[in-house]
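Number of protein chains: 4
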Amino acid sequence: MREVRVGLVGAGWMGKAHAVAYKNVPLVFGPEPAVPKLELIADVDPERAQAAAEALGFARWSGDWREVARDPAIDLVDICAPNDAHPGVALAALEAGKAVYCEKPLANSAAETRRMAEVAEGAITLVGFNYLKNPAQGYARELIRAGELGEITLFRGTFDQDFMSNPDVPFSWRHDKRLAGSGALGDMASHTLSFSQYLVGEIAEVCGLWETFIRERKVAAGGSGHTAQAGAGAAMRRVENDDVVQCLIRYQSGAIGTIGALVFTQERMNELLLYRHTEPPGERGYKTIYIGPEHPGYGAFHPIPGIGLGYNDQKIIEAREIVAAVAEGRPAEPDFAFGHEVTRAIDAVLRSIEERRWVQLDEI
Amino acid sequence: MREVRVGLVGAGWMGKAHAVAYKNVPLVFGPEPAVPKLELIADVDPERAQAAAEALGFARWSGDWREVARDPAIDLVDICAPNDAHPGVALAALEAGKAVYCEKPLANSAAETRRMAEVAEGAITLVGFNYLKNPAQGYARELIRAGELGEITLFRGTFDQDFMSNPDVPFSWRHDKRLAGSGALGDMASHTLSFSQYLVGEIAEVCGLWETFIRERKVAAGGSGHTAQAGAGAAMRRVENDDVVQCLIRYQSGAIGTIGALVFTQERMNELLLYRHTEPPGERGYKTIYIGPEHPGYGAFHPIPGIGLGYNDQKIIEAREIVAAVAEGRPAEPDFAFGHEVTRAIDAVLRSIEERRWVQLDEI
Amino acid sequence: MREVRVGLVGAGWMGKAHAVAYKNVPLVFGPEPAVPKLELIADVDPERAQAAAEALGFARWSGDWREVARDPAIDLVDICAPNDAHPGVALAALEAGKAVYCEKPLANSAAETRRMAEVAEGAITLVGFNYLKNPAQGYARELIRAGELGEITLFRGTFDQDFMSNPDVPFSWRHDKRLAGSGALGDMASHTLSFSQYLVGEIAEVCGLWETFIRERKVAAGGSGHTAQAGAGAAMRRVENDDVVQCLIRYQSGAIGTIGALVFTQERMNELLLYRHTEPPGERGYKTIYIGPEHPGYGAFHPIPGIGLGYNDQKIIEAREIVAAVAEGRPAEPDFAFGHEVTRAIDAVLRSIEERRWVQLDEI
Amino acid sequence: MREVRVGLVGAGWMGKAHAVAYKNVPLVFGPEPAVPKLELIADVDPERAQAAAEALGFARWSGDWREVARDPAIDLVDICAPNDAHPGVALAALEAGKAVYCEKPLANSAAETRRMAEVAEGAITLVGFNYLKNPAQGYARELIRAGELGEITLFRGTFDQDFMSNPDVPFSWRHDKRLAGSGALGDMASHTLSFSQYLVGEIAEVCGLWETFIRERKVAAGGSGHTAQAGAGAAMRRVENDDVVQCLIRYQSGAIGTIGALVFTQERMNELLLYRHTEPPGERGYKTIYIGPEHPGYGAFHPIPGIGLGYNDQKIIEAREIVAAVAEGRPAEPDFAFGHEVTRAIDAVLRSIEERRWVQLDEI
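Residue numbers (our numbering), protein chains in the order written: chain A, 1307 to 1670; chain B, 1307 to 1670; chain C, 1307 to 1670; chain D, 1307 to 1670.
If you are wondering where the hints come from, they were derived from the structure by calculation, not from laboratory data.
It is possible that some hints are incorrect.
No copy is singled out in the list; a pair is fine if it fits within one copy or between any two copies.
Taking lysine to any residue and the SDA-like style, the derived pairs with C-alpha atoms no more than 25 Å apart in a straight line are [unchecked claim]: (1) Lys1343 to Ala1379; (2) Lys1322 to Pro1332; (3) Lys1343 to Arg1590; (4) Lys1322 to Pro1339; (5) Lys1483 to Ile1520; (6) Lys1483 to Gln1467; (7) Lys1524 to Arg1582; (8) Lys1483 to Glu1454; (9) Lys1322 to Pro1609; (10) Lys1322 to Gly1612; (11) Lys1343 to Ser1478; (12) Lys1322 to Asp1668; (13) Lys1322 to Glu1573; (14) Lys1322 to Pro1352; (15) Lys1483 to Ala1541; (16) Lys1322 to Leu1362; (17) Lys1322 to Gly1507; (18) Lys1343 to Pro1586; (19) Lys1343 to Ala1361; (20) Lys1343 to Glu1454; (21) Lys1322 to Gly1598; (22) Lys1483 to Thr1594; (23) Lys1524 to Pro1609; (24) Lys1524 to Pro1599; (25) Lys1524 to Ile1458; (26) Lys1343 to Gln1356; (27) Lys1524 to Glu1457; (28) Lys1343 to Glu1660; (29) Lys1343 to Gly1463; (30) Lys1322 to Lys1343.
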């Protein structure tokens, strides 16, 4: 049994989620082609690193991510640090010859992701667009690539997340342009953009629109996590990022004719709706398919369809992808090049909003 | 252009609905093979008969239903009188050689419906199970009869109607055993039974269970229609009929193997869900089909699918069925023989509840 | 009983639908405040006018719409002629002092609708945006106007209609820029725009995108209705209008805070989904409300909720609105001024597509 | 940090699922009040026990379940052996003073479960009705117990599982009356019965109906798991158990008045539909609630609602329940007494089918 030795940077909520996923990989998928070994965890807060190492079962801990990047006993560097720290850790790890698994977004600007994608050429990388790891998405892409739906003429995606819609939710790093890059655009729309790029292909041009409805928020005394609360007399701080973003997209493919359609809703993540124009008149309609062993990744969990995967199971499939890729010396997917394409699209939307015009992806 | 001369008995809510349906038949379906002519309307309340004749456009009115049954200028007798009056009117009309269109239930007991079905042999009759006239139902039966779903092994039907679930709704004829026969059983379950008999076929035996949760109700000062209300000091009267009924059914067909399934929900009356086991693994699921011109009766309304029929449109299709049958001298469907089968099933459920045992349909 | 004397222009599919609706108005709503009288029908094809008069029960017919506009025995001119004929008929009727009920779109350009709205000032007019007459829409607006949903911060609408997605559907007036103005934009998106303007209010600016996927179509030998078909050797003609259109919209309201949300799908036209942020945590969610007597217009059809209205019932509610408005000498809704706003929005989208930029409504 | 030392009997699919769940308990819920320790695994096949010990991380393994029951280093005996082995293992473990976590069904007959429930009195036990551990179910019971839905007047449950509907699926222990007790009744309906007993309470009497549609099946050469297949010339064996079962149930509560309703569908296991009659007229309907931190057990997984739990997450919540109960010396739920009630209901249904009559629970 081979081992893939993991060094994890960032001991917060997402770091824990990755650790849990690694632990489940051999339980769900078995020991082949390799088993992840939780070797080293780093966090800027050394106490948090130590506590996480104990709780999650890492062999060692550190207060400095550089130790992870340069440690010869590490095969795979996993980056769960804040977004603005992604480029530094990833470039150091790549230069040290490691495989790199980085949470989304790959970075806050296309300038950075371009550099990361260039350095990553030939290396094994993975960006954590975990929704793409839903067997329903894998199956959707299979259908599209096999031409089962004809050429794709229309993609329509929305991502509604209301945890910020309450004006009493305090200011957090998500509202700080320097730390987060953008608001709903980078955090939510990036998922939708990644879906479209995964399923439809390259974007030619975009035109965007955004709004910040809650223009200032209270500053919480303590942290700014999902459960943070600010008192009545708290100071206010101006929100720098967007609450809502919309954009028009023209794809590079210029297609004609449609013979099918797909609908997917993450809240019903075990269902894929499929429409085939090729069915006889009077019997056309959206078919609700429950994901099952025939769809990529599901079979390791349950032998029959309809049992139901959850969010965490997507993460297990994702972690398995990078572990297997490292063990087999093959590319993982979606890699840094894909992550760069998503960030290019985000930057194009940003520019189109600032300059109130259509922006070509080639400009970015 | 031929005319079918209609005599209508009962000028209440359902009488009006039938009249509206007749008026729409030529507008929706055109003048062939015949146009209904609203000739005569009767009601025990002559003033109501007169008012309805004026509002709905009947040529004549009467306070006595016998005039309708014996009038030589009437081709079709339409019975919208209270349930307990159905047998008397229907038998008189049949004996006078008329075609008869009777609202459901055909009568309150199988003893009566047996006699009615016997007398109706060779005559043109129709029972107003209007839900069966939904194009979705017609299509469902086509699929089943063509063997597209294999042998039917399971039928599961429910009819939830909550307008009686409020204890403040006053006592009405529906709660009076003599007038209504039964409560939810005859009023609601009869629809579900008729679906199963229409789609699956003959019933072999039943076992039932019922409950009256609201055991007494206030007596309203005026009428007892859907909008009646009783004052605070109103007298109470014991409810004689059931609020909820359930039953097990064994059908005469003893089938093996299933290759499909259907789901229909009246609240989404324009959708039929179809499941085919013959589809490839990984692509099986319920398909949501919107009814359209390919399904029986829809095409007269709209040239493309998904536009949407309503309850009243079912009634138009039903009225057209009897008008066309009279004009063409052919049987209409579902006829009195079918109506008798539904009442037999109801009586069997009743007896199984009273005697707390399985009851064979052959006993009724 | 008062009468409203109707003169109808255009004896095609929509003319028939209006006539059917008028006939149902007194049947459903009763004779107050007035009953429509089908007085005169005109069509460019006099034989079609005569046949329609007989089939639908008009007292007189004509081959010239001008007779309708100037006939002193007409109270209400109803325009179901092709789109490009709307301005001529409407202006003549308005100048003759008639009330006018015009099918949507009011006209093919904002230049025309501006003139029509100006002339219509003080007159009784109605534009046939029949989807707005669904009780679900009336209720949605009530909720919004009562502040039950807070300020509206986001409107997202789509209209998917696939009857043109088959490349074998032949060329029709819908593909001719001169006759139809635009394709999906004027025909489908106009409904969505009208929803947003009805529910959210005035548009500030738009930016659009469109595509014609099927760039040429066969020319059918006969007509070009929904059932037209072209033979194998038919000549091809270039499609001038759009198959798909999308646009971004910024509304004039600049609101903050949301406390509710609505979802409506025409294919499930009897359901309105309502979300209230004011409900307790752990019990928030979209509630599926079946329309019923509490919602505007439904009560005339059925005494209890969930029975189900169809497309034609919307048209009956719409016809009743104009008949009652004429009888009571009050404005109808939505009127020509509203119809002009919709066409302005369409023209703004058109210009934004042609000039590849954001367009202010004030420019139109 | 306290440990709860687990001895697991049965190294098959469900044994693996339990082991995975234990491993996730501290990762999801943290180390308090105790962490499960995988101490010993037993299987009749010693090689399978050894392989599972290595793959799943048990400290020791055995070919004899008796070692687990009597090992002083074991706090909790977890029974994932075949159904007919449950009583022997459970009784031995209880007599040795262990806490016991037994997969459903508790046993194949009420005679056995009665004895097990008696011996379990005062001990800590849990039966693996994992669907009851869905936060949606916990919340449903909270609502019902708080009287938010009034008295419960109607429970309607179905469990459709089609993996046996294919006649080519070979004979397995599920079709053998001695091994499985019954077919759909014990395997599927037991879940539905347990829902009703969990939510509604004690059953007074039942009347059942069943059918075996596929009366013989091929005997597979190898095993008979979910993926087994039999060749063309395989021998046939008669199916002894039911494919479909239905039953009527009368509950002991005799309630009046309903003010709410719930709908739950396992295939959409993250949604609970709630209907409150107390809402204003015109705004009543089923509300789709996505489970979230306010619902029992969800908060340990995700900080915001709508992220989505899967089947395995239910098992983690279940394993956590027994681990915490052992650590805190408190009863777990649902315990053996509840498991006995479910089996009593199953036996009552069985007898009612055999004797074609209503059967009181008191008879069992």
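Hints and how they fare:
no. : hint               : verdict
1   : Lys1343 to Ala1379 : within (11 Å within a copy, 28 Å between copies)
2   : Lys1322 to Pro1332 : both (17 Å within a copy, 12 Å between copies)
3   : Lys1343 to Arg1590 : neither (50 Å within a copy, 39 Å between copies)
4   : Lys1322 to Pro1339 : both (23 Å within a copy, 19 Å between copies)
5   : Lys1483 to Ile1520 : within (15 Å within a copy, 43 Å between copies)
6   : Lys1483 to Gln1467 : within (19 Å within a copy, 41 Å between copies)
7   : Lys1524 to Arg1582 : between (50 Å within a copy, 24 Å between copies)
8   : Lys1483 to Glu1454 : neither (42 Å within a copy, 33 Å between copies)
9   : Lys1322 to Pro1609 : between (28 Å within a copy, 13 Å between copies)
10  : Lys1322 to Gly1612 : between (28 Å within a copy, 19 Å between copies)
11  : Lys1343 to Ser1478 : neither (34 Å within a copy, 39 Å between copies)
12  : Lys1322 to Asp1668 : neither (38 Å within a copy, 51 Å between copies)
13  : Lys1322 to Glu1573 : within (23 Å within a copy, 28 Å between copies)
14  : Lys1322 to Pro1352 : within (15 Å within a copy, 36 Å between copies)
15  : Lys1483 to Ala1541 : within (19 Å within a copy, 58 Å between copies)
16  : Lys1322 to Leu1362 : both (7 Å within a copy, 21 Å between copies)
17  : Lys1322 to Gly1507 : neither (32 Å within a copy, 40 Å between copies)
18  : Lys1343 to Pro1586 : neither (53 Å within a copy, 40 Å between copies)
19  : Lys1343 to Ala1361 : both (15 Å within a copy, 14 Å between copies)
20  : Lys1343 to Glu1454 : neither (40 Å within a copy, 49 Å between copies)
21  : Lys1322 to Gly1598 : between (27 Å within a copy, 19 Å between copies)
22  : Lys1483 to Thr1594 : neither (41 Å within a copy, 35 Å between copies)
23  : Lys1524 to Pro1609 : between (49 Å within a copy, 20 Å between copies)
24  : Lys1524 to Pro1599 : between (48 Å within a copy, 23 Å between copies)
25  : Lys1524 to Ile1458 : between (45 Å within a copy, 23 Å between copies)
26  : Lys1343 to Gln1356 : both (17 Å within a copy, 22 Å between copies)
27  : Lys1524 to Glu1457 : between (48 Å within a copy, 21 Å between copies)
28  : Lys1343 to Glu1660 : neither (46 Å within a copy, 57 Å between copies)
29  : Lys1343 to Gly1463 : neither (37 Å within a copy, 45 Å between copies)
30  : Lys1322 to Lys1343 : both (15 Å within a copy, 20 Å between copies)
Going through the hint list in order, the structure does not satisfy hints 3, 8, 11, 12, 17, 18, 20, 22, 28, 29.
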